[in-house]
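4 protein chains.
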Amino acid sequence: MFEKLSEVKVLRDPIHGYIHVDLQVIWDCINSREVQRLKRIRQLGGAFQVYHTAEHSRFAHSLGVYEIARRMVEEIRDLRQTLSEEEKITVMAAGLLHDLGHGPFSHAFESVTTAKHEEMTRRIILEDTEVHRALVRCCPSLPESVAAVIDHTHPNKILVQMISGQLDADRMDYLLRDAYFTGTKYGEFDLERILRTIRVRDHKMVVKESGMHSVEDYIMARYHMYWQVYFHPVSRSFESMLALTFARLKQLRQQHSPILDQIPIFNAFLEGKSVSPHEHFLMDESACNYGFTLLRQCTDPIASDLARRLLDRDLFQSCEIHTEKQLETMRERLIEKGWDPAYYLTVDEVRQRPYQPYQGNENSMVWVLMEDGSIRELSEASVIAAALVHGESKNDLRMYYPREMEKR
Amino acid sequence: MFEKLSEVKVLRDPIHGYIHVDLQVIWDCINSREVQRLKRIRQLGGAFQVYHTAEHSRFAHSLGVYEIARRMVEEIRDLRQTLSEEEKITVMAAGLLHDLGHGPFSHAFESVTTAKHEEMTRRIILEDTEVHRALVRCCPSLPESVAAVIDHTHPNKILVQMISGQLDADRMDYLLRDAYFTGTKYGEFDLERILRTIRVRDHKMVVKESGMHSVEDYIMARYHMYWQVYFHPVSRSFESMLALTFARLKQLRQQHSPILDQIPIFNAFLEGKSVSPHEHFLMDESACNYGFTLLRQCTDPIASDLARRLLDRDLFQSCEIHTEKQLETMRERLIEKGWDPAYYLTVDEVRQRPYQPYQGNENSMVWVLMEDGSIRELSEASVIAAALVHGESKNDLRMYYPREMEKR
Amino acid sequence: MFEKLSEVKVLRDPIHGYIHVDLQVIWDCINSREVQRLKRIRQLGGAFQVYHTAEHSRFAHSLGVYEIARRMVEEIRDLRQTLSEEEKITVMAAGLLHDLGHGPFSHAFESVTTAKHEEMTRRIILEDTEVHRALVRCCPSLPESVAAVIDHTHPNKILVQMISGQLDADRMDYLLRDAYFTGTKYGEFDLERILRTIRVRDHKMVVKESGMHSVEDYIMARYHMYWQVYFHPVSRSFESMLALTFARLKQLRQQHSPILDQIPIFNAFLEGKSVSPHEHFLMDESACNYGFTLLRQCTDPIASDLARRLLDRDLFQSCEIHTEKQLETMRERLIEKGWDPAYYLTVDEVRQRPYQPYQGNENSMVWVLMEDGSIRELSEASVIAAALVHGESKNDLRMYYPREMEKR
Amino acid sequence: MFEKLSEVKVLRDPIHGYIHVDLQVIWDCINSREVQRLKRIRQLGGAFQVYHTAEHSRFAHSLGVYEIARRMVEEIRDLRQTLSEEEKITVMAAGLLHDLGHGPFSHAFESVTTAKHEEMTRRIILEDTEVHRALVRCCPSLPESVAAVIDHTHPNKILVQMISGQLDADRMDYLLRDAYFTGTKYGEFDLERILRTIRVRDHKMVVKESGMHSVEDYIMARYHMYWQVYFHPVSRSFESMLALTFARLKQLRQQHSPILDQIPIFNAFLEGKSVSPHEHFLMDESACNYGFTLLRQCTDPIASDLARRLLDRDLFQSCEIHTEKQLETMRERLIEKGWDPAYYLTVDEVRQRPYQPYQGNENSMVWVLMEDGSIRELSEASVIAAALVHGESKNDLRMYYPREMEKR
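Protein chains in written order, with our numbering: chain A, 91 to 498; chain B, 91 to 498; chain C, 91 to 498; chain D, 91 to 498.
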């Protein structure tokens with residue numbers, strides 16, 4: 091029914107060996123300008139400033155999520171037999187397209203714009219884009235169903251669980267991929283084993299008890315990747331500085347500074363209105379970096395200095411905050427030395443528990459199919475998960491300030 | 091002072107890249123008949139019956155422990171600078187020699203003999219053996235000091251901690267090695283990072299806070315290896331059957347059965363007296379397996395049947411025991427069908443907590459050097475370790491019986 | 091038609107991830123005593139004396155050959171569509187069973203017995219064994235067809251090519267496996283790519299031009315493994331000494347020495363008659379090693395000394411021979427010192443060309459399917475292969491003698 | 091004498107485990123804006139259009155070359171003992187800095203500018219830059235000596251050989267790194283073994299005969315990487331189209347087109363004069379890609395179309411050329427359909443022999459130290475190398491044209 095390619099296309103991939111594509115609609119989506127743009131957006135925001143090889147793109151990750159979704163619907167018997175052909179295509183396309191709405195350096199960039207990346211992803215899929223046309227050519231209802239999987243409203247909850255549950259294609263790909271490209275081992279877990287032990291029961295994906303150890307390992311992998319990579323103080327320093335830089339640009343905009351006339355790259359994003367998919371399409375990491383290159387040459391000393399720091403990796407130092415006093419003292423010292431604390435001091439806090447099932451939120455839970463046929467939430471089956479749920483969460487509160495403040 | 095080889099010998103090793111040997115005494119020990127014998131003893135007892143590639147020997151593991159000990163004393167500055175040359179040689183030799191006293195299939199075999207492997211190791215090092223002579227040639231006090239490290243009585247507790255603490259060369263090698271040779275990923279952790287973050291403080295090895303995540307990962311690796319490999323029901327089935335076979339042999343011995351005159355291989359071990367290092371030397375897995383080959387052809391139906399099952403992998407089934415009744419029922423069914431429960435029914439229980447520091451036992455603890463210079467026991471520094479210490483331990487109680495009992 | 095298991099069995103394997111078994115006949119063969127015996131025969135003869143982790147068994151290799159054969163018939167479309175179900179089972183079983191006839195330490199051991207391992211493999215498959223009965227239960231003609239694939243007489247030449255051609259499941263598994271277990275990288279090549287580019291044309295397996303580079307890489311991998319592992323002088327020293335030991339045993343046998351009455355293990359093999367499959371079954375590496383343990387304690391000084399050297403790795407030295415004179419001089423020096431050159435001096439030569447297609451022997455050739463649809467022999471398509479075919483072959487002629495002869 | 095850091099800095103790297111830095115001058119160079127710029131230049135030009143994960147930067151490669159150079163001077167005894175401290179720093183810095191002069195997409199970009207990257211590298215090291223100042227702070231003669239190593243004029247030829255010989259740090263890093271990031275296995279070889287077998291004889295680096303097999307493997311790895319990655323038709327298509335795009339820009343420049351006033355990014359490079367280090371500094375892949383983003387919106391239909399194709403990966407098809415006629419026919423068909431062949435048809439040829447020592451060019455040779463102490467050029471010691479030198483070279487001549495020409 092759905093058009094197949096004349097022969098299977100395979101793309102070499104270090105994580106999955108090969109990415110296999112045999113549907114015309116997937117191939118057309120991959121070749122669309124919106125998906126190709128993801129080659130110009132790095133997967134890991136500022137982490138390349140800590141792990142110098144973490145330069146992989148959201149394009150590669152998107153292919154990986156598609157590939158895991160494809161393997162799920164083809165290799166897990168319960169899914170192969172219960173999902174319709176259209177549902178299978180929907181979930182594979184959702185895997186490929188779930189990150190379309192991201193801007194450069196993701197979270198920092200979102201802080202400037204009012205639109206969230208989830209909303210932008212939805213618009214790209216539903217409005218008149220190459221991706222949209224590719225989906226429609228395959229099946230007119232596909233854009234709506236793909237968008238519904240991505241924003242969690244699809245009536246078949248298994249499709250949602252496959253792309254954004256606790257054991258989903260998105261996280262499984264990014265943990266393995268980020269581990270490979272950073273060169274750490276923390277993110278490794280046994281994907282094969284997990285895929286082999288997934289079943290469908292009570293309209294949801296569950297893991298057989300014999301795969302529970304692999305899930306425990308996956309949860310620990312995720313915990314370690316958070317603290318060693320995603321929450322690394324240097325990553326967060328870079329991202330904090332991006333946010334400060336955009337805050338300065340917004341300020342210049344409010345002052346109608348002529349500087350921004352010569353550096354129009356960011357303008358659409360500084361007006362406080364939502365941007366269009368076309369404006370979004372033009373904004374990638376190349377544009378952003380070239381914007382900083384222009385900015386470092388501009389006459390505003392703060393914007394110029396922050397842009398230089400970002401490009402040359404002259405990043406802010408950080409330290410843990412234990413008392414209000416610390417922050418106050420730093421603020422005073424900065425003012426004393428002539429630095430504006432609005433742009434040279436910032437604070438952020440991260441907090442995480444490795445596994446945390448929330449009452450009433452099925453998507454936050456992992457389900458285990460016990461040997462006796464019963465189904466339990468993970469922390470009722472695993473002594474490890476139980477310990478983690480009842481233990482404390484870990485948090486880290488830091489302030490960031492110029493390296494120069496450390497010199498005496 | 092201590093004799094060096096004219097050039098460094100290197101042995102290819104998949105875990106460490108190369109094993110490096112530049113001391114004459116280490117080279118002589120490696121080439122001694124007692125260490126070479128370890129090539130004929132598998133590292134993992136019955137696990138090769140589950141993981142068909144788990145066929146690596148205690149010889150390879152012993153080289154690996156030596157290599158990690160060597161790297162510790164050469165690459166960890168605090169150890170390199172504080173240990174004397176003799177202490178360094180002592181700990182490297184202890185790493186190489188710590189498993190000398192093992193018999194075939196380790197724990198099952200120990201159940202027959204009265205001597206424990208620790209005691210046999212001590213005798214091999216201290217009595218007149220090739221290993222002993224190699225150590226004495228280097229330094230007359232070396233046998234005593236090496237034996238003291240292995241049996242935890244050495245006055246320098248750091249040497250003991252390096253070979254049998256919580257983060258010791260022995261465990262670090264076997265986790266990595268067993269993971270590699272089983273083909274699982276559970277046992278992997280970041281050895282490089284742990285070695286890089288070890289320091290010496292208060293006369294003990296501690297890990298810098300920046301390496302704490304790697305230690306958490308190591309602890310989880312250990313936990314998973316226990317349950318997925320060492321405590322796998324099939325491994326335990328094989329080992330239980332070994333114990334039953336030896337129990338049968340002991341019984342035959344007590345009955346002065348003429349069978350054992352034709353199969354003298356095991357005799358020295360069935361008399362209830364302690365064996366000599368020479369008798370121990372002759373008993374390896376080749377002898378044991380060939381003994382089973384003879385036994386399968388003998389006239390005692392139970393010994394012959396058990397030996398056949400061991401050789402042909404016709405292993406006992408197992409199931410978890412929840413009630414006394416289950417065991418009783420199985421016993422009755424066995425008797426009904428003409429099987430002697432003394433040799434066809436057995437029970438074992440395993441229990442484990444990933445990390446458990448015991449009051450008053452320093453060796454059970456991992457110490458963390460915090461950024462502020464203080465030293466904390468791991469579960470006071472890590473929310474993961476704290477959760478695990480306060481969570482439940484995991485246990486598994488099983489009975490084993492012939493496969494034939496499952497057929498109806 | 092052919093009985094399937096109720097659920098697919100999977101065996102963890104470091105080379106292939108998992109070995110997949112879904113046919114009853116394959117599962118029964120794996121569980122037969124003849125295949126289980128291969129756990130007691132190492133894959134690599136004496137190489138574990140150079141690469142201390144090369145301790146993997148022929149059992150693991152046999153599973154690997156089966157797995158590659160299974161993937162070939164299931165994943166290569168041209169094979170999946172043209173082979174009958176019986177042919178598919180035949181070739182998978184042939185992969186699993188092709189090594190059954192091997193004795194311990196393979197080639198050295200064959201030098202004692204008159205039967206060749208190919209002939210013994212054939213007898214085990216065709217005579218009354220557990221393996222034979224498992225094959226017959228599946229299909230009465232299976233033993234004959236499996237044996238025909240193994241001895242190259244099967245009418246469908248593709249089946250022969252799959253198990254013992256130039257790009258066969260046997261070599262592809264052993265190169266990858268031996269590389270993994272020695273810890274070298276020489277044997278690595280891109281199995282996935284080769285499998286993906288195999289087609290069937292003109293009743294033979296060919297490789298698409300786009301996979302030719304992977305084949306070149308495979309040929310170089312094979313070349314390097316030969317010289318770095320299989321032909322390593324230390325491996326050859328160990329194997330030469332095995333042959334000398336067996337020669338001594340034969341001599342003792344001819345002299346009706348009473349020694350062999352106390353060490354009957356080898357007797358069946360010393361009589362010059364062909365051994366039965368049952369006698370063959372009893373002879374494994376455990377028996378052989380235990381035989382050496384007894385031999386080292388016997389009263390014949392030569393047999394005892396050689397056995398000790400084998401067990402304790404006190405191996406002969408070797409050097410390249412360039413002139414007849416060298417050999418003569420060594421012989422004279424040995425006699426002078428009281429060593430019998432018949433047992434303390436031996437010579438062997440190895441010679442190899444990485445790729446050598448022989449006229450009239452289709453099995454010696456690799457065929458390439460060019461983009462224009464024509465088929466060429468590899469050296470007509472690849473400048474690398476052409477260079478190797480027309481270049482010189484490499485050879486190495488060595489003599490082996492006791493280490494003691496080197497001391498002055 | 092030369093300033094050390096207070097503690098060794100380590101950077102996680104998937105190829106080398108860690109990059110180790112303990113010299114202040116190396117740390118300062120890494121943190122210079124010129125070296126940081128290399129984060130914005132991909133290592134592999136257009137190969138990311140074939141291998142979607144080949145997105146690693148020249149920054150990561152530069153660290154890797156430094157690390158191999160560091161290991162050479164610290165771990166190879168002959169180098170450690172014969173090179174002076176200043177020579178060691180010189181060669182490590184040369185490894186780190188050898189690629190500074192590269193523009194975006196390397197070779198394609200060079201075709202526009204008159205300056206070659208070697209010349210630009212030299213200027214950046216010798217003129218007033220952050221890198222230059224860091225070198226001078228360490229030692230005033232360092233810029234000159236580093237530049238001399240890079241442009242092959244340094245009096246100590248071993249330093250030149252280490253960075254740009256046949257077995258140099260540059261190639262060894264890029265083969266391993268490119269293999270890792272493309273996910274292919276072709277580029278793997280045994281770096282450890284090669285480093286372990288390097289010696290210095292007759293004022294040059296030689297490899298011991300026992301490492302010769304690793305060198306053969308390295309040469310084959312290089313050959314395969316060339317044809318599978320660097321010369322892949324899709325990489326070459328992307329790079330050909332870059333050259334056509336720049337050709338179009340030059341044409342617009344010559345016509346004084348007003349388009350370039352609005353897109354000034356490339357102007358400095360289109361004037362036919364040599365650019366300054368500062369202009370070079372501003373031109374990275376971000377600038378280039380953003381330039382294409384502007385260009386796709388411009389009014390010149392050819393420039394706009396080519397820019398769109400580059401950004402959206404709508405690349406030219408290619409086919410091998412066997413006759414002049416093919417090219418002529420394509421040219422005519424293009425004109426007929428209204429495409430300008432000057433911008434829509436291009437030809438390139440690649441040619442390579444895996445190993446080719448040139449008379450009189452010592453740097454083109456690998457030297458082998460034979461067991462008898464003599465030194466031979468590789469092809470006189472290795473039957474593999476000899477075969478390759480005397481075999482044919484491989485070449486590939488292709489034309490590239492729009493995909494649309496294939497549709498009928």
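Hints are computed from structural coordinates only; laboratory data are not their basis. It is possible that some hints are incorrect.
Because identical chains share one entry, a pair is satisfied inside a single copy or across any pair of copies.
As the list claims (entries may be wrong) - Straight-line alpha carbon distances no greater than 25 Å define the calculated PhoX-like cross-link-like pairs of lysine-lysine that follow:
hint: 1; residue 1: Lys415; residue 2: Lys294
hint: 2; residue 1: Lys206; residue 2: Lys247
hint: 3; residue 1: Lys99; residue 2: Lys298
hint: 4; residue 1: Lys178; residue 2: Lys415
hint: 5; residue 1: Lys427; residue 2: Lys99
hint: 6; residue 1: Lys94; residue 2: Lys298
hint: 7; residue 1: Lys298; residue 2: Lys484
hint: 8; residue 1: Lys275; residue 2: Lys99
hint: 9; residue 1: Lys178; residue 2: Lys206
hint: 10; residue 1: Lys415; residue 2: Lys427
hint: 11; residue 1: Lys294; residue 2: Lys275
hint: 12; residue 1: Lys247; residue 2: Lys340
hint: 13; residue 1: Lys294; residue 2: Lys206
hint: 14; residue 1: Lys99; residue 2: Lys363
hint: 15; residue 1: Lys178; residue 2: Lys427
hint: 16; residue 1: Lys94; residue 2: Lys294
hint: 17; residue 1: Lys298; residue 2: Lys427
hint: 18; residue 1: Lys206; residue 2: Lys427
Comparing the hints with the structure gives:
no.: 1; hint: Lys415 / Lys294; in the structure: neither (50 Å within a copy, 36 Å between copies)
no.: 2; hint: Lys206 / Lys247; in the structure: within (23 Å within a copy, 58 Å between copies)
no.: 3; hint: Lys99 / Lys298; in the structure: between (33 Å within a copy, 15 Å between copies)
no.: 4; hint: Lys178 / Lys415; in the structure: neither (56 Å within a copy, 48 Å between copies)
no.: 5; hint: Lys427 / Lys99; in the structure: neither (60 Å within a copy, 30 Å between copies)
no.: 6; hint: Lys94 / Lys298; in the structure: between (33 Å within a copy, 22 Å between copies)
no.: 7; hint: Lys298 / Lys484; in the structure: between (29 Å within a copy, 18 Å between copies)
no.: 8; hint: Lys275 / Lys99; in the structure: between (30 Å within a copy, 20 Å between copies)
no.: 9; hint: Lys178 / Lys206; in the structure: neither (27 Å within a copy, 52 Å between copies)
no.: 10; hint: Lys415 / Lys427; in the structure: within (18 Å within a copy, 74 Å between copies)
no.: 11; hint: Lys294 / Lys275; in the structure: neither (31 Å within a copy, 27 Å between copies)
no.: 12; hint: Lys247 / Lys340; in the structure: neither (41 Å within a copy, 56 Å between copies)
no.: 13; hint: Lys294 / Lys206; in the structure: neither (28 Å within a copy, 52 Å between copies)
no.: 14; hint: Lys99 / Lys363; in the structure: neither (41 Å within a copy, 45 Å between copies)
no.: 15; hint: Lys178 / Lys427; in the structure: neither (61 Å within a copy, 41 Å between copies)
no.: 16; hint: Lys94 / Lys294; in the structure: neither (29 Å within a copy, 29 Å between copies)
no.: 17; hint: Lys298 / Lys427; in the structure: neither (61 Å within a copy, 35 Å between copies)
no.: 18; hint: Lys206 / Lys427; in the structure: neither (37 Å within a copy, 45 Å between copies)
This entry does not satisfy hints 1, 4, 5, 9, 11, 12, 13, 14, 15, 16, 17 and 18, going by the numbered hints stated previously.
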